[in-house]
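Asker: The chain contents come next:
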Amino acid sequence: MKNYNIMELMICVAARELGNGRTAGIGSGAPCAAAMLAQKTLAPHLVIMFESGGIDPLIPEMPVSVGDSRTFHKAVRAGTMFEVMQACSRGMVDYAILGGAQIDLYGNINSTMLGSDYRKPAVRLPGSGGSNDFASLCWRTIIMSVQEKSRFVPTLDFITAPGWLDGGDSRAASGLPADCGPYRVITDMAVMDFEQESKRMRVISINPGCTFDDVQNNCGFELLKARKVFTTKPPTVMELRILREEIDPERTIIGR
Amino acid sequence: MIADSTAQTLGPLFMNPDPDEARAYFRSKSRMKANKLMSLKEAVEKFVHDGDYLAMGGFGTNRTPVAACQEIVRQGRKNMGFAGHTSTHDFQILATGEVFDRVDIASIIGLETRGMSPCARAYMESGRVRICEWTNFSLAARLKAAAMGIPFLPTRNMLGTDTLRQSGAKVVTCPFTGKRLVLQPALYPDVSVIHVHEADIYGNCRIRGITISDDDLAGASRKLIITTERLIPTEEIRSDPALTSIPYYLVDAVCEVPYGAYPTGMPGEYYSDEAHLKEWLTAQGDPAAFASFLKRIIHDCPDHAAYIELAGGIGRIKELRARELMLHKEGIREEL
Chain A
5 MKNYNIMELM ICVAARELGN GRTAGIGSGA PCAAAMLAQK TLAPHLVIMF ESGGIDPLIP
65 EMPVSVGDSR TFHKAVRAGT MFEVMQACSR GMVDYAILGG AQIDLYGNIN STMLGSDYRK
125 PAVRLPGSGG SNDFASLCWR TIIMSVQEKS RFVPTLDFIT APGWLDGGDS RAASGLPADC
185 GPYRVITDMA VMDFEQESKR MRVISINPGC TFDDVQNNCG FELLKARKVF TTKPPTVMEL
245 RILREEIDPE RTIIGR
Chain B
478 MIADSTAQTL GPLFMNPDPD EARAYFRSKS RMKANKLMSL KEAVEKFVHD GDYLAMGGFG
538 TNRTPVAACQ EIVRQGRKNM GFAGHTSTHD FQILATGEVF DRVDIASIIG LETRGMSPCA
598 RAYMESGRVR ICEWTNFSLA ARLKAAAMGI PFLPTRNMLG TDTLRQSGAK VVTCPFTGKR
658 LVLQPALYPD VSVIHVHEAD IYGNCRIRGI TISDDDLAGA SRKLIITTER LIPTEEIRSD
718 PALTSIPYYL VDAVCEVPYG AYPTGMPGEY YSDEAHLKEW LTAQGDPAAF ASFLKRIIHD
778 CPDHAAYIEL AGGIGRIKEL RARELMLHKE GIREEL
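Residue numbers (this note's numbering), protein chains in the order written: chain A, 5 to 260; chain B, 478 to 813.
Don't read these hints as lab results, they were simulated from the structure. All residues carry an ideal CB built from backbone N, CA and C; glycine is no exception. It is possible that some hints are incorrect.
[Said to hold, decoys possible] Cross-link-like lysine-lysine pairs, in silico, DSS-like; alpha carbons within 30 Å at most:
hint : chain 1 : residue 1 : chain 2 : residue 2
1    : A       : Lys124    : B       : Lys506
2    : B       : Lys806    : B       : Lys755
3    : B       : Lys755    : A       : Lys124
[Unchecked claim] Selected chain B positions facing chain A (Cβ under 10 Å, derived; list incomplete):
hint : residue
4    : Leu487
5    : Glu589
6    : Thr612
7    : Ile687
[Unchecked claim] Facing chain A, a subset of chain B residues (Cβ under 10 Å, in silico):
hint : residue
8    : Gly535
9    : Thr565
10   : Gly587
11   : Gly604
12   : Thr632
13   : Leu641
14   : Arg642
15   : Val648
16   : Lys656
17   : Gly686
18   : Asp691
19   : Glu713
20   : Tyr748
21   : Glu751
22   : Lys806
Turn these sequences into a full structure, and let the hints steer you where they fit.
Answerer: See the structure below:
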């Protein structure tokens, strides 16, 4: 029996991707939990930046909102949105962690609307917020999502934030800054990267208890498979303890 | 997909980015250090008009000018434009009054980790609101361009996406580097409201913590209403001018509204009232219940002070202050 749930697993896996001494553009919810966990485990000097202006806070407890006072608690600076975004644009922000209602095989993200007619959406969603900005300008975008066919779709209803666009060199050709883009996709079933030439999503690691077929059956497009596929390391006792006791004791995120 | 520099965007520009039109307005804006104190009711009557383009300070559920949003709804403003710059509870309040009919969108409807607002979503799906897509950076850049008095700022976001296609931005080739740039047109709101910690009677303001885009919003807005937690003497402002976030000459009205951001959070003062925000969400499950909820907390309230009383008064504020200051971590007030 697993002693962790899928949210805990995704947060732990995402936390391990964040390098020590690096900078990360972070939103509320699971990405924030992952960044906080990274700081308490492998990356104590990870610098968290919130788009609302908080730079390198010592987050005392999980923020409810991307701009609440926890996002600049004991920070090195309580600044502005423009300065955080210009740091991304200048190339000083390493990671962004994003989610979305739909994700395609090139890591493009939709968080704007569902339906075939933009003017008459079946479902209106919030829109980009800072998602497009982070995905356009941060070096490595990490996408977190539950693995479902309805989310992993062949064609997005709306491209809110850029992944590798049409694959190949289409991202660079669009004029977006060079050498940055989607880096990992972390789901409850697997970890994916993007194949270097085609920029198609590729399974590199499968979570304990899942098979490649499980992942493929819960994905609306054909996944590539790395030559060697690893088994994802499950959350450690220490990671779970920190996550449950120090980061999210009220289970607002991990209890979802 | 946009593939070349002849990229066409489809979104409407609701406001003219012409800097000379703006300069002509700002030329006539008073620089007098006059006493601008008035009630919020008076400020909304005087400066917020049907058809105007409106922007709100703060971000998410932080330092949101809630008192002003509720007053605008109470006074029944209609046909306004609105800047949805990660607009959450403010958007939801204004949507209940169907105050706006056109929106520049960076992020709307969402209530961050709390879910989405059904009433805001229903209004946006009704087909009665004209929309234009942007991003948080784009709206921040548009306000900065306006504050600078230039027609646009170039950025490198949005390229290759439908966000760009449904925006009103333009794509050009950089004359220095040959790179593709997105031009974010200046946005000069007709009127904005910013909630601050402290202000003097002339409108010199102090904001504690992140300023988000409010420094540029103050400069970009033709008319600016300040709601403040408290008034302070000008002498206090002059004692440490580095603390002034917004100088008086940008400001048209100063309204002292304690707890003016409630139920959103005010850094150092009070945390967001999660129970009350949840009540907003649950009430939306039943149209009749929601109508009577709105009647009680907005339409039948003469002002924000009456709303605070309804919501639990000073007792509730004390709890939210303890939460903001994390006194629960010091082992007191366990019930928090």
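Asker: Next item in the hint list is Arg642 (chain B). Is there a CB on chain A closer than 10 Å to its CB?
Answerer: holds, 8 Å
Asker: Does the closest beta carbon of chain A sit nearer than 10 Å to the beta carbon of Lys656 (chain B)?
Answerer: Constraint on Lys656 (chain B) satisfied, holds at 6 Å.
Asker: Double-check Asp691 (chain B) for me: the hint is only fine if its C-beta lies closer than 10 Å to a C-beta in chain A.
Answerer: Since chain A brings a Cβ to about 8 Å from Asp691 (chain B), closer than 10 Å, the hint holds.
Asker: Given the hint that Lys755 (chain B) pairs with Lys124 (chain A), does the C-alpha gap stay at or below 30 Å?
Answerer: Distance ~29 Å between Lys755 (chain B) and Lys124 (chain A) Cα, so the pair holds.
Asker: Please verify whether Lys124 (chain A) and Lys506 (chain B) have alpha carbons no more than 30 Å apart.
Answerer: This hinted pair is violated, its Cα atoms lying about 41 Å apart.
Asker: Against chain A, with CB atoms and a cut of 10 Å, does the hint on Leu487 (chain B) hold up?
Answerer: holds, 9 Å
Asker: Grab the minimum C-beta distance from Val648 (chain B) to chain A and call the hint holds if it beats 10 Å, violated otherwise.
Answerer: Nearest chain A Cβ about 7 Å off; hint holds.
Asker: Grab the minimum C-beta distance from Glu751 (chain B) to chain A and call the hint holds if it beats 10 Å, violated otherwise.
Answerer: Constraint on Glu751 (chain B) satisfied, holds at 7 Å.
Asker: Does the CB of Leu641 (chain B) sit less than 10 Å away from some CB of chain A?
Answerer: Since chain A brings a Cβ to about 8 Å from Leu641 (chain B), closer than 10 Å, the hint holds.
Asker: Grab the minimum C-beta distance from Glu713 (chain B) to chain A and call the hint holds if it beats 10 Å, violated otherwise.
Answerer: Nearest chain A Cβ about 21 Å off; hint violated.
Asker: Have a go at the Thr632 (chain B) hint: is there a Cβ in chain A nearer than 10 Å to its own Cβ?
Answerer: With a minimum Cβ separation of about 7 Å from chain A (threshold 10 Å), the hint on Thr632 (chain B) holds.
Asker: Would the hint on Tyr748 (chain B) be counted as holding, given a Cβ-Cβ threshold of 10 Å to chain A?
Answerer: holds, 7 Å
Of the hints listed earlier, those the structure fails to meet are numbers 1, 19, in rising order.
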